[in-house]
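2 protein chains.
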Amino acid sequence: MADGSEKNAVVSNKKVIFKDYVSGFPKESNMVVTIDENLKLKVTGDSKNILVKNHYLSCDPYMRLLMKNQSTEIFDPYTPGAPITGLGVSKVIDSRNPELKEGDLFWGITGWEEYSLLKSSEGLLTIQLLVNFYFYKMIKGMPGLTAYGGFYEVCAPKKGEYVFVSAASGAVGQLVGQFAKLMGCYVVGSAGTQDKVELLKNKFGFDDAFNYKEEPDLNAAVKRYFPEGIDIYFENVGGKMLDAVLLNMRVRGLIAVCGMISQYNCDQPEGVHNLMSIVYKRVRIEGFAVADYYPQYSKFLDFILPYIREGKIKYVEDIVEGLENGPTALIGLFNGRNVGKQVVVVASQ
Amino acid sequence: MADGSEKNAVVSNKKVIFKDYVSGFPKESNMVVTIDENLKLKVTGDSKNILVKNHYLSCDPYMRLLMKNQSTEIFDPYTPGAPITGLGVSKVIDSRNPELKEGDLFWGITGWEEYSLLKSSEGLLTIQLLVNFYFYKMIKGMPGLTAYGGFYEVCAPKKGEYVFVSAASGAVGQLVGQFAKLMGCYVVGSAGTQDKVELLKNKFGFDDAFNYKEEPDLNAAVKRYFPEGIDIYFENVGGKMLDAVLLNMRVRGLIAVCGMISQYNCDQPEGVHNLMSIVYKRVRIEGFAVADYYPQYSKFLDFILPYIREGKIKYVEDIVEGLENGPTALIGLFNGRNVGKQVVVVASQ
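Chains as they are written, first to last, in the UniProt record's numbering: chain U, 1 to 349; chain D, 1 to 349.
Hints in this document: simulated from the structure, not taken from any laboratory.
A couple of the hints might just be wrong.
Repeated chains share a single entry, so a pair holds when one copy, or any two copies, can fit it.
[To be verified] In the DSBU-like style, the derived pairs of lysine-lysine whose C-alpha atoms are separated by at most 30 Å in a straight line are:
{"hint": "1", "residue 1": "K240", "residue 2": "K158"}
{"hint": "2", "residue 1": "K223", "residue 2": "K240"}
{"hint": "3", "residue 1": "K48", "residue 2": "K240"}
{"hint": "4", "residue 1": "K68", "residue 2": "K240"}
{"hint": "5", "residue 1": "K314", "residue 2": "K42"}
{"hint": "6", "residue 1": "K223", "residue 2": "K158"}
{"hint": "7", "residue 1": "K223", "residue 2": "K68"}
{"hint": "8", "residue 1": "K213", "residue 2": "K299"}
{"hint": "9", "residue 1": "K314", "residue 2": "K159"}
None of the values given here were measured: they were computed from a predicted structure.
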């Protein structure tokens, strides 16, 4: 609950400011941590505004795409000079918005700063569902729902199918692999360190896993793990891995495209060459976005909470304390430094 | 009907022999026309063999792929020193196969030669359906069924949708565009000459068409014809056109991949770069092969024959007389010399 003493108080507000559009690999110096003094904890401006305190911030691969000066159907780019934004768990301090009241907790897009003045409650749609749910868990919502929608709805898996997951120890990949095992599939994951490979095999129960950085020939590697081919590829990385997978799909196989993190730092994405496999093997490739599954959030929780309680679904998070460490955590996503879901704790209380 | 006088006669047999695997653009000199003398018109060898006289041969883009030393789920490559093969309309001269008898006409894979000794009736599945159908029309079967299956089954079009067809004056494209108009879609086609563009607009009833060879910026061209984006792309060419289309798809648009002829002469296919559009726009890409729709051949004929009779579906063929002109006709496909379906007449009687 909001702390009454905070209201009307004057505080400082630490922020992670986006400096300018990024070309190539992002660096911590593309962001700068600043402090605004004298923020009055009282909502200002028009009748929809909401002043929130940010508690947990999520580091997600798509954030790299917002560092390019390019609008897409899903995202608008970051604004140079303003804080970066991302999914977070926040608490309402003061509100002129009839949808949200002081003390409400919510999960949605917020600023990378201690306090944010949000202009509307749009995009914070899940708040009603989440209010009674321990808020620290909420941040798992996005990757969980992404894995759930992407695997069960897009992939429509069947028992015994051969499933390959790239970036498999990541926030989404680790869940997809476990969902696939629950379904009775054969599951192999790829990751970028030996530790992550061990995690996939020993903690998340993948049938097998490999370190793609140690494979000089990705096509040969994929063929070695799938001598009979792949029914379902859960695509998180794109580029060379996609090319190798295309050569190893089974007839009528499916590629569910969640993201292509290997391409996010490229000014010009790598070319993918083996697309004729789509015809040879009647492959279906389908993109999706987590927002497509927001209406199923409640169904997702009903599905996953019992598994979590029984310990049948495991989840690894990589927690960084302090907003000032946020830029390092975010950049770490793109060189694979994180193990599991990367979270920044701004304020645990 | 088979001519009784042919049986037991001795004839010469002209053949188009495949010389060796081809790298880069194919040339007429990759094939050689030879004549075997003293072919006895009597079936020889084991009990499934069928001796056939070939009447019409079809030139199809996939044949370029068989000139590479590469097996796929759909095709095995040509054998150097043996005749090339392709879809044709043929007549049984003599048979030891219980499935086929002297005088039967059929449509299926045969050799590029005057007479072929086929080893089985496998792949000639449509023969029962076609026996009573004027055989010259049969050769239309494959592109027709490809267009039908690909458009109605894979694309599942709706009235008013924006449809783009590449290689639109080709055997499949011209039909897809007309099917789309019958469905009430807005249809634009691309082709490689101004004459073909006129054909698309004036004969096949496309809403608009353009010559891709005259467009320095394909993305700008596609955007000009589809300012609101593309719902359905019927893909026949791949490469740079696919990259341009990916940038111009509408959210939840569909790309049905029939072929990628622009890539067939490349030893290493061009890279396609804009695949992140699959995520941004939740695009679905789906490959298919005409063989998937063989069971629907009868339904297809019921659908299309009334339209053909009423003149509501038009069809342009490019006919070459004489097997010796076959290599030129086939090579012409890859530089766009043909207008409409390319057919080689080996023997009209």
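*Are the CA atoms of K223 and K68 at most 30 Å apart within a copy, between copies, both, or neither?*
Intra 35 Å, inter 22 Å, cutoff 30 Å: inter-copy only.
*Up to 30 Å between alpha-carbons, please classify K68 paired with K240: within, between, both or neither.*
both (22 Å within a copy, 23 Å between copies)
*asked:* As a check of your reading, is K213 near K299 (CA-CA no more than 30 Å) within one copy, between copies, both or neither?
replied: neither (37 Å within a copy, 51 Å between copies)
*Pop the pair K314 and K42 into one bin, within, between, both or neither, using alpha-carbon distances up to 30 Å.*
Result: close neither inside a copy nor across copies, 40 Å intra and 71 Å inter.
_Homo-oligomer pair classification [K240, K223; C-alpha up to 30 Å]_ = Both. Shortest intra-copy (14 Å) and inter-copy (29 Å) distances satisfy the 30 Å Cα cut-off.
*Check K314 against K159 for me: Cα-Cα at most 30 Å, and say if that holds within a copy, between copies, both or neither.*
within (21 Å within a copy, 47 Å between copies)
*30 Å Cα cut-off: does K48 pair with K240 within a copy, between copies, both or neither?*
neither (46 Å within a copy, 46 Å between copies)
_Intra- versus inter-subunit Cα pairing at 30 Å for K223 with K158_ = within (21 Å within a copy, 40 Å between copies)
_Status of K158 relative to K240 across identical chains (alpha carbons, at most 30 Å)_ = For K240 and K158, only the intra-copy Cα distance (27 Å) is at most 30 Å; the inter-copy one is 36 Å.
Checked against the numbered hints given earlier, this structure breaks hints 3, 5, 8; the rest are met.
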